[in-house]
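**Student:** Listed below are the residues making up each chain.
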Amino acid sequence: MRDRILLLLLLLAAIALPWLAEAAGSPATTGLATRMAIYAIAAASLNLVLGYGGLVSFGHAAYFGLGGYAVGILYAHWRSGEAFLGLIPGSISLPVTLGAAMLAGGVSAAILGALSLRTRGVQFIMITLAFAQMLFFLFVSLKAYGGDEGLSIRRRGEFPGLDLRDAAQLYWLCLGILVLWLGLLRRVAHSRFGQVLAGARQSERRMAALGVAVYPYRLVAFILSGMGAALAGALMVNALRFVSPDMMHWSKSGELMIMVILGGLGTALGPVLGAVALVGLEYGLSGLTEHWQFILGPILLLVVMFARGGLMSLVRRLLPA
Amino acid sequence: MALLLEQCLNGVQLGVMLFLLAAGLTLVFGIMGVINLAHGSLYMIGAFAAAWVAARTGSSILALLAGLAAAAAAGMAMEYVVLRRLYARGHLDQVLATFGLILFFNQGMTLLFGRQPLFVDIPPWLGGAVEIIPGVPYPAYRLAIIAMGGLVAFGLWFLIQRTRTGMLVRAGATHRDMVRALGVDIRLLYTLVFGLGALLAGLAGVMAGPIFSVQVGMGEQILIQTFVVIVIGGIGSVRGAMAGALVVGLTDTLARAYLPAALRGVMQGPDADALAAGLASMGVYFLMAVVLLARPRGLFPAHA
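So the sequence lines, in the order shown, correspond to chains P and G.
Under the numbering used here, the first residue of the first sequence carries the number 1, and numbering increases by one thereafter.
Under the numbering used here, the first residue of the second sequence carries the number 1, and numbering increases by one thereafter.
Just chain G, same shape as in the assembly (with noise of 0.2 Å):
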């Protein structure tokens, strides 16, 4: 029962990482239109960023904004120089030039910082565990990761239904035409959104730091997850991407932690370790395919 109370934890942990680039990537891809491959380069810079720091300066703090910093500028410098070029073009030139980008911030990535994994240590205030319930002790850090996700979720909630700015991104969403034809500047409302999603990326690389290592290619194997999470909860919905993170954290999770016990008992123990893993790494894929069969659209389609 603790074990599984852990598990779920971990699930949503998971979750709130991949909520948050995929919170990002729905909004660019709803408002502009637009798929960006190089997502996942801005979670990579911003943990760069900030692992570096942190090793530098040993503030937490300082390297936080470090790696918000260097997200939300290599995320504008890449929508003012690429990605606004490519907004009236099909996806499959988008597809394109964003994997060049990748290609090319991989590789810059290698040039400055090698290609041995970074480690970062937690920060010392959140470093001990938390009960949860008496017994069961659990990372204070992951916790306070789940936090933030539910900060971040709500910080968004509050922004895109409560604000003006958030009704202007709500029309542009639905009526992109209609909103410039009524005057608003929809370049300045694109440069923002597009700097918000590599502030939430940059956050997420920078969290996940001390749980993963800091290395290369670290971007596009959370991209391709968090692709799953955006298609199982419909695209360009935030509040699908918040449904769809979580379900595929858990789903991962669990896997990962009850497959390898279950294929023991029918094969021998490293086979079933290796199959597991890999049957783990399959769910959420198949998770996918499950929820297309039953609704193409996603759970939360947003131009429904």
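Okay, chain P solo, but in the shape it has when bound (with noise of 0.2 Å):
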């Protein structure tokens, strides 16, 4: 009970971020608090096959990337009036190219994630990485989408009832679409598909003792979590207005998973406070340094070999359940 009311505040405060922006006089927070909740959006799916379903994905900027790029594609198409591959009319609606993202992301992760799972361990993080890697070089490479340079979004997605260049009305939408999410997120861990998810992470034998067949559940998570990370990766390109191979670097892959563990691994909320806390971290650095990766390559070192359980064990810490 207690837990519930303490997130129904967290969350109207959320809500207020703009307002109480707007009166501290710094404007800003909105656009930094915009791209937590889409960062937020893409670990928390990445923790439903890293957390849950223990299966170290080292790739997931692919799908991040994916989802920006088929915003910025609709896009392009729908400026010049030309189809894509003389089929798909080109838009800025941005129901429409949400879903567009979330089908590329998904359809991509079925076919990787159909590849990538038939190995463990060590060659799963791999064969991961080294996928994403593919799609990076494919995109630095097609000149006709901007190559390595990148494409600019002079509009951002047309959304029904909302005024998408307003910021906060921008940030409102994330912030929904990430709540929806979580909920969805949530309740695919609580389900059968969830326990046999989590229960193939302790032990694969056990499953295949029970007659389960755990391949399909983590390819399906794998997908799942592919869509959720092209999702993250439109809205962020309607936050930013640019898309460009950067949202693929392998870098990013790592920032998404640092999101994870510094927030908690397998928690519901973990990844949710490892975004704002990595976003807010790399933000305050940059404020201070150009290096700033120069002070947080060790303070990540520092949190992987002494904070175990991230920053959801601390707030269980302080409040017991």
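Since the hints were derived computationally from the structure, they do not count as laboratory data.
Possibly wrong hints are sitting among the right ones.
As the list claims (entries may be wrong) - With a straight-line cut-off of 20 Å between C-alpha atoms, the simulated DMTMM-like cross-links for lysine to aspartate or glutamate are:
id: 1; chain 1: P; residue 1: K143; chain 2: G; residue 2: E131
id: 2; chain 1: P; residue 1: K143; chain 2: G; residue 2: D271
id: 3; chain 1: P; residue 1: K143; chain 2: P; residue 2: D246
id: 4; chain 1: P; residue 1: K143; chain 2: P; residue 2: E82
Join the two chains, each given in its own frame, into one complex according to the hints.
**Tutor:** Structure (structure tokens):
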């Protein structure tokens, strides 16, 4: 009960944030919070395979970037009036582009996941990384969509009833999608499907003895997670109005993993905390020095070596259930 | 024909560089069970140290020694301070901690040397070209790299298959706990293996200097290709690393050499070149997918 009230209060504070930022005289905070909410969607999606499934995917930036490019490519075709591959007309309607992004993320996660899940352990880490790198190079070489310089998007998507040029409305939209997505992931994690996934993490052999083939469960989790990452990428491109292969860079995959670990592996709200903390930390440190990674690297090292369970375990210690 | 031969040699030369990195990485993984993303940083450190000393003294021998020493020292320090605490942890923790190390080393090198790439001259006594078959000159420096790779491969084979230390390394890779139980100082063995891996990475970095530009981020670029090599070859197997490195080196080089011409036949020049470069970069990953489909544990699985 107390936890629910706390969550509700947190949500109310998050909703009120644009007004508070306006009142405090720093409207840029809304943009920062938008980025946090978007990364939280991506990190929560990664958490499904990484935390619940125990599958260390080092390539989720690929789906993040694919979602972004879905928006960018549809925008480019909307502008030029030519259909994509001669079939699909361009669009800037947000429901359409977000759907397209999730489709692209899901289909590619299905293909790459089906191949990657044939391997275990370190091979899985390396192969997911390598596939992400493959997509990165593909988009670097696609000169039609900006190559390594990326694509600028002059107009944000249109969502019925909202004016997304307004930073606060974009933020509320992202926040709303985050809450819906977290709710969905929570249901998934607590369903029979989620139990099988967690069981496979603990012991694949035991699941096999129980007569459950884990491969299809893992694949579905991987696809769902790829769709979530693509959704986040699509929102990010709308927020930044820019897409480039940098979204698929391997270090982005690393950052997403760090958000999950920093917040708390396999917890419902951990990835959100991790995304807020990491984006906030990067923002704060880059304000201090240009060489902020020089400080961030050792911080990560310390977190991994000494702070097991992440921020969520800290919260649990302060607020015992 | 001459072009094909030249490109094949280029492929073997890239394969040698990849082998030097992959051998260290695969040994470290095989023996200690640690996946070390910062292995590429050791390569970068070796390259920077050698470039800096070469620019100061003009001596390529001193540069080589400096590069090796810097990489080995950085590797030992890395093992002692960080990795030693991670042996018992899961792969996830190892990946994240060494990712933190990459950020630290990359930014540290930027602080020390700036963002401008450094260029290194080929040592004068390796400056010329050798006619491999009449009418086909090939740079002596690249031949020297290939020769060095052969030498290292032979040395590793001898060390691992024919010496007592090598026997412990092999035993440690397959029955780690048993070796420990028999009273072998496993920590010393770990440090030695890690130092050897760092040395090989440093050697690759020193040799890479005159061919590629020495810059921050060079380590990760080659590290990810090294992963492909290891996955293709089979994790933990030096023989697999050799085979994988040659396959990857040749595929990458030949695709880069022949794809643009092939694509120019069907589309316009600049677009074809860009797409060909992209497809060539993707080639090795595609190859890896095919190998994994046929043999999920790689060509030469170590713990079969």
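**Student:** Does each hint fit the structure? Answer for all of them.
**Tutor:** Right, here's what the structure says about each hint:
1. P:K143 with G:E131: Distance ~39 Å between P:K143 and G:E131 Cα, so the pair is violated.
2. P:K143 with G:D271: holds, 7 Å
3. P:K143 with P:D246: holds, 15 Å
4. P:K143 with P:E82: Between P:K143 and P:E82 the Cα gap is close to 17 Å, so the pair holds against 20 Å.
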